[in-house]
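Here is what each chain is made of, one letter per residue.
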Amino acid sequence: MRGLERIIRDHPFFAGLDDAFCQLVYGCAKNVRFAEGDYLFREGEAANRLYLLRQGRVALETKTPGRGTLIFRTLNTGDLVGLSWLVPPYRWAYDARALESVRAIAMDAACLRQKCEEDHDLGYDVMKRVVPILIERLHGTQIQLLDVYGDPV
Amino acid sequence: MAIQSDKLALAHDPMTPRVMRVLKRCHDGPQTVTLDIEPGDSAPFQPGQFNMLSVFGVGEVPISLSGAPTDHDRLRHTIRAVGPVSTALTRLSKGECLGLRGPFGNGWPMQQAEGHDVVLVAGGLGLAPLRPAIYQLLSERERYGRITLLHGTRSPADILFHREIMAWRRHRNIDIEVTVDHAPPDWRGHVGVVTRLISSVPFETGNTLAFVCGPEVMMRFAIAALKDAGLGDETIYLSMERNMKCAVGFCGHCQFGPVFVCRDGPVFRHDRLGGLLNLKEI
Amino acid sequence: MPEQQSLTPNGLQALLDALQARGYRIIGPTLRDQAVVYDDVQSLTDLPVGWTDVQEAGHYRLARRDDDALFGYAVGPHSWKHYLHTPVQRLWHAKHERDDIIVTTEPPEAPRLALFGVRSCELHAIAIQDRVLLGGHYRDVHYAARRQDNFIVAVNCAVAGGTCFCASMHTGPKAVAGYDLALTEIIDEGEHRFLIEAGTPEGVEVLSELPARQASNEDIALADAILASTAESMGREMQADDVRELLLAHLEHPRWDDVATRCLTCGNCTLVCPTCFCTSEEDSSDLTGTEMARSRRWDSCFTMDFSYLHGGSVRASHRARYRQWMTHKLATWHDQFDTSGCVGCGRCITWCPVGIDITEEVKAIRETSQEAGS
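Residue numbers (my numbering), protein chains in the order written: chain A, 1 to 153; chain B, 1 to 282; chain C, 1 to 374.
If we strip away everything but chain A, and leave its shape as in the complex, we get (with noise of 0.2 Å):
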């Protein structure tokens, strides 16, 4: 087995990966690494890529005037980074900074959503991966919107 597509086998988001898919993935991806501080992607910048963190915590942030930059989110070691590939326009709505040094597997997001579109049965599976994650961000996203640490009314 080649070296990369053992990383894509032991990357949790591609756990019990079929042999056939990981073929076709395999082909859309490239180990990448970030410095302390290394943007993976910025807001508004086109989404091309989606990364699986191997190493290392990334922020996702967003500048509020007056309030500076504001990290509303960490994703560790195991998680997926970018959603915004998935749906068009494609287009990043956050920041996202290296807060250490980062190993992750970068996914070609065209190459991906291609394949995905070639074979259906990919495309389904691929989804099963990424929706839970997308609800699970929902969901702590609706808690954080309740502020119930914050000050009562």
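A hint or two may mislead.
To be verified - Subject to a maximum C-alpha distance of 25 Å in a straight line, what follows is the list of computed PhoX-like cross-link-like pairs (lysine-lysine):
1. B:K280 - C:K363
2. A:K30 - A:K128
3. A:K128 - A:K115
4. B:K94 - C:K95
5. B:K227 - B:K280
6. A:K30 - A:K115
7. B:K227 - A:K128
8. B:K24 - B:K94
9. C:K95 - B:K24
What the hints assert, rightly or not - Counterexamples of contact, computed for chain B against chain A with all Cβ distances above 10 Å:
10. A68
11. R188
12. T195
13. I282
Please keep in mind that the hints were generated in silico from the structure rather than gathered at the bench.
Owing to the predicted nature of the structure, the values given are computational and were not obtained by experimental measurement.
Ideal Cβ placement from N, Cα and C applies to all residues, glycine included.
Chain A is fixed; fit chains B and C onto it per the hints.
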């Protein structure tokens, strides 16, 4: 027909506060103050119990004990200024008098936890009622398995007992993860909800007890995450909060379905609340 | 079976005299503000002689009887908790002295009360408040003091009120326990008399001082018949054996929304209820802050403040507050005190300004839950 007329032990009227002095006051975060109060002849307390603290002429509120149960020189309370009484309490300074009744309520299940892993989930000020339990767990460390503290709060500036958490992390045998809802860019820790940390804890299910304290919404989600992680309802304990006036089961205010939070709680085993936590306006 | 004796109205006056001679402050039914209320009584003429009441949901009127019955009415807006668990009670007062504060507990008052004319439902209500305020780990010192020297003269009900349902709650109409003396009033062919029996040694002692004679078998039979007729003429009925389970299984029943459209959350039901015990506390001080005090007063779970927590009420809606009151009374009271909190006196029905009827509310939930097959 008259009732049995025992001697009326006025000295023990549970409604009369004892006058105590503030020994020390220190800030513990935004609008949050920790008061050390002289113990007088107070009975020893269990981790998780609370006192009723009065500012004379203003009123009285229930405040959890947040210090070490073995510290007999002071009664420590961590108070956030939210209403008139708690605000007045946070403004008391060293040497001033306040009224104290208690300790009241039950405590965390320290004995049941012996021989088990313990995971403590603290949301915001909910860390204060858990701190006595942490002290006890750490002071009798050999009696317990793996100990994990998960603390969720609003922002890094709101982390309760920040320096103490750092010290525990460095020197004590306890796994600690802190997460905040949002953070400035220099924050290196977790950002996100505390429930997310639960899924990353390596539980030995069947041998773990969870102590949960924080805002009710957060506790609901934490309980769900703990159950997803394999914990049974009978291993999850939570500390409830309701309006409280008397603390001894007379005034009726703190009812939560069949229980009086003051008398039967504040710590409840989740299965004994019978799903009430998911009903609105109980 | 305790021996029944018979007293004339003059003999009953002798009972009042005997109680006063023993130092009791006698509280009994009197007329005030067009209602039967409990107040100081010295003579039988203080009682609502020849009056009855007409009670319906949201309706209470006094009416003349065609005889001189002393107890020819049901219960009014007052209950004995006015005297045992008083509406306002100072708990302590405190004084600043230099840089110190001296707190003085309010000494409990023990007024040696004789409760005259207590109905069976009310004996049950007193027993329930005893459990709540004295039966736990802590004792309410003020209630204990007011309860400790009571002499209780019960009256078996000769008429049922329009909103009464003690028979179905098994709390009346006959007093079976908790009294020193129990009376049954008989007016038959113009002859006015009272059957009387003692329930305690002190009752026996007081009775021995009264001009009583052995009750005739005919009178005993007559008293039984009166009680049977009262039990059969209850204005209301509640199927109480499974009401706890019924309500707890239907905490989200649409009937709560329905009753919420009618309920004004005025709290009348909690104030007239003989078992409602909830209180609140308030602190006061003089302008200089030298003298301070804390009092407790009756509170009601129908107020917004009752469940106030961190800037808002836990039970903000009318629906939640009515549900809290009714499920506490009929369901969770069992969990807390091993008894129902309802004695079937009907006060909450009569004194509800919009006539909400607790028996109807239970029935509605029961009927629709049966329709739904649950």
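Against the structure, the hints:
Between the alpha carbons of K280 of chain B and K363 of chain C the distance comes to roughly 24 Å, so the proposed pair stays at or under 25 Å and holds. Restraint check for K30 of chain A and K128 of chain A: satisfied, since their Cα atoms lie roughly 22 Å apart, inside the 25 Å limit. For a cut-off of 25 Å, the pair hint linking K128 of chain A to K115 of chain A stands: about 15 Å separates their Cα positions. About 20 Å separates the Cα atoms of K94 of chain B and K95 of chain C, which keeps this hinted pair within 25 Å; it holds.
For the given pair, K227 of chain B sits about 21 Å from K280 of chain B by alpha-carbon distance, which is consistent with the 25 Å threshold. Between K30 of chain A and K115 of chain A the CA atoms are separated by roughly 16 Å; this keeps the pair inside 25 Å, and the hint holds. The straight-line distance between the Cα atoms of K227 of chain B and K128 of chain A is roughly 22 Å, inside the 25 Å bound, and the hint therefore holds. Taking the CA atoms of K24 of chain B and K94 of chain B, the gap is near 5 Å; set against the 25 Å cutoff, the hint holds.
This hinted pair checks out: K95 of chain C and K24 of chain B have alpha carbons roughly 24 Å apart, not beyond 25 Å. Once the 10 Å rule is applied to beta carbons, A68 of chain B is consistent with being away from chain A; the minimum gap is 25 Å. A beta-carbon of chain A is positioned within 10 Å of the beta-carbon of R188 of chain B; the least distance is around 6 Å. Remark: the non-interface label on T195 of chain B conflicts with the geometry, its nearest Cβ contact in chain A lying 7 Å away (cut-off 10 Å).
Residue placement check: I282 of chain B keeps its beta carbon more than 10 Å from all beta carbons of chain A (closest about 18 Å).
The structure does not agree with the numbered hints 11, 12 stated previously, though it agrees with the rest.
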